[in-house]
Amino acid sequence: MQFWIIQGLNSLSLGGLLFLLSSGFSLIFGLMRLANLTHGAFFMLGTYFGAVALREYSGLSIWVTALGAGIVVAALGGLFERLVLTRLKTNPLGQVLVTLGMSFIISDACLVLWGGDSIPVPTPRNLQAPTRLFGFVFPTYRLVLVGIAVAAAVALYLLIDRTRLGAMIRAGVDDRQMARAVGIPVSRLFTIVFCLGAGIAGAAGVLGGPILSAYPGLDADMLPLALIVVILGGIGSLFGAFVGSFIIGFIYTFGTALVPDLAYIILFLPMIFVIAFRPQGLFGRLGT
Amino acid sequence: MKWFAGAIIAAVLLLPPLFAGDFYVNLASQILIAAIFALSLNLLVGFGGMTSLGHASYLGVAAYLSALLTSRYGFGHGTAALLSILGTVAMAAFFGVIALRATGLGFLMITLALSQVLWGLAYRMSDVTNGDNGITGLTRPAPFGISLDSPVAFYWFALIVAVIAFVMMAIFVSSSFGSSLKGVRDQPRRMAALGFNPWMIRWITFIYAGFWGAVAGLLYVYYNKYIHPTSLSTTSSAEALLGVIAGGSGTLGGPAVGAALVLLLKNYASAYIERWNMLLGLVFLFIVLVMPTGIVPGVHKLVERLRGRSS
Amino acid sequence: MTASSSDLALDVMGLNKAFGGLKVTQDISLSVRPGERRLIIGPNGAGKTTLFNQISGDMRPNAGKIKLFGQDVTRLAPYQRAHLGLSRTYQIITLFAGDTLEHNVTLGLLGLLPSRWQMWRPLSSYRDLASEARRTLDSVGLLQLAEHPVSELAYGEKRRVELAMALSQKPRVLLLDEPLAGLSDSERATVKALIASISKNVTVVMIEHDMDTALDLAETVTLLNYGRVIVDGERDKVIADKRTREVYLGA
Chain A
1 MQFWIIQGLN SLSLGGLLFL LSSGFSLIFG LMRLANLTHG AFFMLGTYFG AVALREYSGL
61 SIWVTALGAG IVVAALGGLF ERLVLTRLKT NPLGQVLVTL GMSFIISDAC LVLWGGDSIP
121 VPTPRNLQAP TRLFGFVFPT YRLVLVGIAV AAAVALYLLI DRTRLGAMIR AGVDDRQMAR
181 AVGIPVSRLF TIVFCLGAGI AGAAGVLGGP ILSAYPGLDA DMLPLALIVV ILGGIGSLFG
241 AFVGSFIIGF IYTFGTALVP DLAYIILFLP MIFVIAFRPQ GLFGRLGT
Chain B
1 MKWFAGAIIA AVLLLPPLFA GDFYVNLASQ ILIAAIFALS LNLLVGFGGM TSLGHASYLG
61 VAAYLSALLT SRYGFGHGTA ALLSILGTVA MAAFFGVIAL RATGLGFLMI TLALSQVLWG
121 LAYRMSDVTN GDNGITGLTR PAPFGISLDS PVAFYWFALI VAVIAFVMMA IFVSSSFGSS
181 LKGVRDQPRR MAALGFNPWM IRWITFIYAG FWGAVAGLLY VYYNKYIHPT SLSTTSSAEA
241 LLGVIAGGSG TLGGPAVGAA LVLLLKNYAS AYIERWNMLL GLVFLFIVLV MPTGIVPGVH
301 KLVERLRGRS S
Chain C
1 MTASSSDLAL DVMGLNKAFG GLKVTQDISL SVRPGERRLI IGPNGAGKTT LFNQISGDMR
61 PNAGKIKLFG QDVTRLAPYQ RAHLGLSRTY QIITLFAGDT LEHNVTLGLL GLLPSRWQMW
121 RPLSSYRDLA SEARRTLDSV GLLQLAEHPV SELAYGEKRR VELAMALSQK PRVLLLDEPL
181 AGLSDSERAT VKALIASISK NVTVVMIEHD MDTALDLAET VTLLNYGRVI VDGERDKVIA
241 DKRTREVYLG A
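Protein chains in written order, with my numbering: chain A, 1 to 288; chain B, 1 to 311; chain C, 1 to 251.
In case anyone wonders, no lab produced these hints; they're calculated from the structure. Remember, predicted model here, so these are calculated numbers, not experimental data. From the three backbone atoms N, C-alpha and C, an ideal C-beta is built for every residue, glycine too. Careful: at least some of the hints might be erroneous.
Unchecked claim - Per the computed footprint, the stretches of chain C lying under chain B, defined by three or more beta-carbons under 8 Å from a beta-carbon of chain B, are:
1) 75-84
2) 87-95
3) 113-123
With the rest of the complex left out, here is chain A (with noise of 0.2 Å):
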């Protein structure tokens, strides 16, 4: 019974994660109608940049850390905006190819730099006593990253939704023409998303090195992820991402632990028959 619990706290867990990371992708297909492929890139220097700095200063904080990572890889993935993306504005298919030669170059640095060791990211000493619940006994810092998931769920809706950032981002999504008529700086919008996008997934990054660490490929395993919880999901919708990282979460946890050779596949299955049957996703708002 242990075990069903303790997977399925690693379920929430994950899903949590996963929430933080394709929130970002989510918002940035769904406004710019980019592929980030960067953003696995992004949750992984977020990740490293956590592993390094608890490393070095023990006593540093793991929320400040997170912060921290955000607010740089923010900032790196607004210059890469500003620099690189705008010139590529009538050049779809060159906006997705630079986003991936982004993430080589920083895969690769995170190589030259941390070289090719994992490095554990130590779980706040605070949160390393376990919980007892029911009598059962979970680990506290899941729980604690699943709550984190849903209240940055609530904030990014309360921003999508009742804030005027929010208003102009939805309609950047419904009609961006429309939207640049009536005056809201599309440009501008692009470049806030985008800097949003790569600071949640820097964030995420961090607070998920205690349950990940940082190693070389990290990237490369969160993207697919990434990709695989929007298209369920449904591209443009928030809320399609939350339940999309749910259920990616579970079936990828329990699929690993009971059928390890298989978990792929089994990742795979959901996003086949939503791409069958309804391929604008669960919730989605546009067509791919």
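Mind docking chains B and C on chain A? Use the hints.
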């Protein structure tokens, strides 16, 4: 002008086995394999307007199938090659049905996700694929009893396959089906209104591109006598895509030139720089920002301008 | 108009199409007899092109039926309707800009032929297709430009190519979406003459925004507004109808 270019190309292709040392002959073989792979991808990208980031799936699966059939199940090379190609083509048909539910970026994402799944499987299913160790100790076929173990012999073999591939793709592209493919790329709605079935045209092309990708995969595993999951990686697909775009997706031969350049760059750069991936990424950025239509069209334009000036 | 479906070239019954809350097509029914020249008019946003899109299959209606010579085509894809004899031109030019005129028309001819699937003979080797294409171009007075890329043509000439492509398929029903839009006076006269000369074997349904230009080509007229059929019948009766004036004067 065309005869001149043709003569030069023939000379370039015939030089290595006749005059160069083993290292360069082997390099030339690798270039031929990369060229076939890039040409097969360009059927999708340039002629079909479908950009795929998962083309390594077909190279890798064909290679793995051949490796397993010959080393583990005792099949002869001829049968193994046939079965590998059939298996890969069947997979391409299946993948095509899934990927073609979308177009544009959705298509790209699905092809990427599918190939990543295969890559993950190759790593995880170690009792079948040997995981990170790869499958070693493979042999090259001996068509008509002729051994392909020497670099020169393999080069001739690869060259014959490459020429056949190029000619067949040239025929495909200029046929009525090829014209309808280009039509669907440019104006899918108009083509449907004229009576063409856009989905079927794309799907058949997808399968055909997978077929030639499988052929490249067989040559790849014969050349290396070894197969590893990295052959299925996104880097592998990306290198082919870079070759297509750098060489020029609008031409038939451009991707071959681009693939050659990418391979040469990889070979020479890795002598000086350890980080090939980073260089690959930078080259991507450079090509897309500076030369989006590719090298072959760029050179063509340059030649036209020079001829224009002198006449 | 109580002819049964199988006597009609085009029978549209109770077509409904909504985008979210916006009802673009509301219960539209149309009966077009073989050989008829029908003009569909209405102000901007009346739903004319959406109606065409549903007839050609580019859009799926939410409810209703479409029959082509008695055959239910509602669930058929656009390419299948082309094989049943439906042809259409578009409001925006959707020609193959980088290709020659001859290639454009040849593609049009290829669409209904089994040889479109053939993968080994070069398209240029089909002599009869090439001469048929040239004959079609000649019939619209553009043979001299056959080797020129479409991108070099004037707008009016492109419209004529579109028409040529649609006619080259020898359709039974031809849908023309604003064929006279954006043309100069002389170009308009040429295109009008072309349309007028279309054989009676072809049923022609035309959308035009500007009533005056297209009226002499029409036998019957359907007036749409806000996605509904307002008036439908013989040309002179529809023009005289007070509802027509209301729609156009915004009463």
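> In terms of beta carbon proximity below 8 Å, does the stretch 75-84 of chain C have 3 or more residues touching chain B?
Replying inline: holds (count 5)
>> Can you tell me if the stretch 113-123 of chain C counts as covered by chain B, using C-beta to C-beta distances under 8 Å and a minimum of three residues?
In response: holds (count 9)
> Do three or more residues of the stretch 87-95 of chain C come closer than 8 Å to chain B, measuring C-beta to C-beta?
Replying inline: Three-residue rule met by the stretch 87-95 of chain C, so holds; n is 5.
Of the numbered hints given earlier, the model fails none.
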